[in-house]
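Chemist: From first to last, the protein sequence lines stand for chains R and Z. Heads up: the first sequence runs through residues 1 to 78, numbered per the working numbering. Heads up: the second sequence runs through residues 1 to 304, numbered per the working numbering.
In short, the hints are calculated from the structure, not lab data. It cannot be assumed that every hint is accurate.
[To be verified] Taking lysine-lysine pairs in the PhoX-like style, the calculated list, with each CA pair at most 25 Å apart, reads: (1) LYS203(Z) with LYS48(R); (2) LYS20(R) with LYS203(Z); (3) LYS75(R) with LYS203(Z).
[What the hints assert, rightly or not] Derived contacts from chain R toward chain Z, CB cut-off under 10 Å, selection only: (4) THR12; (5) CYS16; (6) GLN71.
All C-beta atoms in this analysis are idealised placements derived from N, C-alpha and C, irrespective of residue type, glycine included.
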Amino acid sequence: MARAVKIYTTPTCPYCKMAKKFLDDNGIKYQEFNIVEDKAAREEMKNKCDSLAVPTICFDGEVLVGFDEGQLREKLGL
Amino acid sequence: MYELIIIGGGPAGMTAAVYAARKKLSTLLISYDIGGQVLGTAGIENYMGYQFIEGLELMKKFEEQVKQFPLDMKTGERVSSLSQTNGGFEARTDKGESYQARAAIIAAGKRPRQLNVPGEEKLKGRGVTYCAICDGPLFAGENVAVIGGGNSALEAAEDMIKIADHVYLVSLTPLTGDQILIDKVKAANNLAMFLEHEVLEIKGESRVKGIKIRDLKSKQERELDVGGIFIEIGLIPNSEPFKGIASLNSFGEIEVGCANETGVPGLFAAGDVTNVPEKQIVVAAGEGAKAALKAHRYLQRLSE
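Chain Z with its partners taken away, still in its complex shape (with noise of 0.2 Å):
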């Protein structure tokens, strides 16, 4: 059994582990990858430290922080279900393993919302796409469809302009970016926009042919010829598997106190998977370093 189970590897949980070795706590921590979703992001500029750092960089440094302690490292495993024991806590990964401890922090993160409309399951990898930085060459003079309204959106909507044929922008709401982004698009002569529509479905077999959506007020539908779709609409917690033992929000974020603690004994969490404002790397970090600290301090009294 071990003192402490860091649930997750992102920035929160990577520097919640820097913390609980530097405090000599028997730690396990699971992640599914090393990095979260810092992975996904191109360049980073407010890092302190580092002016400009790739996404990749930055995470790389950090693990190698992390792997600077004597501490076990569980990758490739997603943890499915975490519950209560007599002296603590059990956690259950899709490998079928279990591991056990005195204290938990889940620094789960997030990952991108999906649409949920008939085709995008059997078309992802097939011209559905999560990741405008890593798959919009391969759309080059086709006609595309970026699904979204916000910063993300937009700007995958730039990228496309530049190298798409025609791009149509689909949003739910009316844009919500930053301005800046917004005129960029408007002034593209290449793109069409089809605001407070919905998507209805994703039409293809073995690659996208089109997209069918709906117009909100006039109910109107319409299919737009495309092959590759952008889905760019946020981010959802990956909280389920602590539905039952800690509390969520309505966004499905685990509600903790401002000292990271869930209500639960022993059990904190930290980052992007909680209810904390500001969804930052730095942020992140420090709750990870925040609920570290605390989990140290609740297995003190535990052992006094």
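Bound-form chain R, shown alone (with noise of 0.2 Å):
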């Protein structure tokens, strides 16, 4: 089933990383946004989500925040 899964992320964060890795692992294909650089992005991040912690990892009208493995393996059906 194709979602559309958005990741916003810093570049410095290493659980972010992770996160990537997995969702790349498991085929899930993804847009990441860097909040650093990409102000609308954060702003986004932080009204629409409601999230001030990287990764957040927003589909389907879900929000993850932080990296989980259980969390996502379940929320993603995987």
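Assembling the complex is the task here: the two chains are given apart, and the hints tell you how they should meet.
Modeler: What follows is the structure in structure tokens.
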């Protein structure tokens, strides 16, 4: 099932890299926003996803903050 | 039933796994994540063989090495208890699973310490953070507080001086970090220090709005308006599930002898979760190797 997965990251965040690796390894396509460079994305993350931490992963109305493999598997149905 | 269960997937646990697998022990490694605390380390310059390597990269290499061997790995599960059974040990996990083995190595590591003040839990990820290198850029132009007086807190403060409008450094003790960092932080003109102050409360509903602190000496309370709070007050061992089976010191670390023995036959512990001096990647890896070799010897004797 194709979903629009968005991941908000900072370049220095190791958990963001882990989350991306997990998505890559599981063949999940995603759109990445570097919130250091992209101020609009930063505001979107803060306001739409109501999150102040990275990685924030949004899809289908779900917002997952931080990299939690178990939770991500469950929500993505892996 | 396995011969060996290894609890934890950081440098100690993964090194133990390689040593156990090379001794052909049937081994299960259970860990919530692979890499442990090293995953949150930006750069490493003191792990031999690499002049510089990122934490994530080093742990990927550890993992690849572990996966060269035929052993079972369960990730995404936390061990919630470990008990002695007739033939050895039983580990239960938060997923309701249970696993048995004749011997066990606890290498569960440490995690960031929390303040345990009102508001902290509710506002996690909403302004309260334990990873300054991750979330620092989100607070550009805002006022922030850094809690702690050691090197991690000083490094977070140093980063935030450049990004935030104003930084408050709040520490229960006088600053304990390296002088070079203290000097850098003190030289900043957008940083104010509140030393020997305790944090009473983190304020805010859906976002952090401020922090309430109290001077330990004068008992004077004050509130600081901040949008972000970086908590860097050290680490605590992940030893709670093992309270009943191993003895812990006053820091909550599992007490082991110089051969990683816990005093319970067949139960060993290694790395940051133990009382071994110096919490370093290279030390943890070495301790994991020692524990696995000792466990192997124990199992050999058992089958003689």
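Chemist: Hints first: check each against the structure and report whether it holds.
Modeler: Hints, one by one, checked against the model:
no., hint, verdict
1, LYS203(Z) with LYS48(R), "22 Å, holds"
2, LYS20(R) with LYS203(Z), "33 Å, violated"
3, LYS75(R) with LYS203(Z), "31 Å, violated"
4, THR12, "5 Å, holds"
5, CYS16, "7 Å, holds"
6, GLN71, "9 Å, holds"
The structure fails to meet hints 2 and 3 from the earlier list, while all remaining hints are met.
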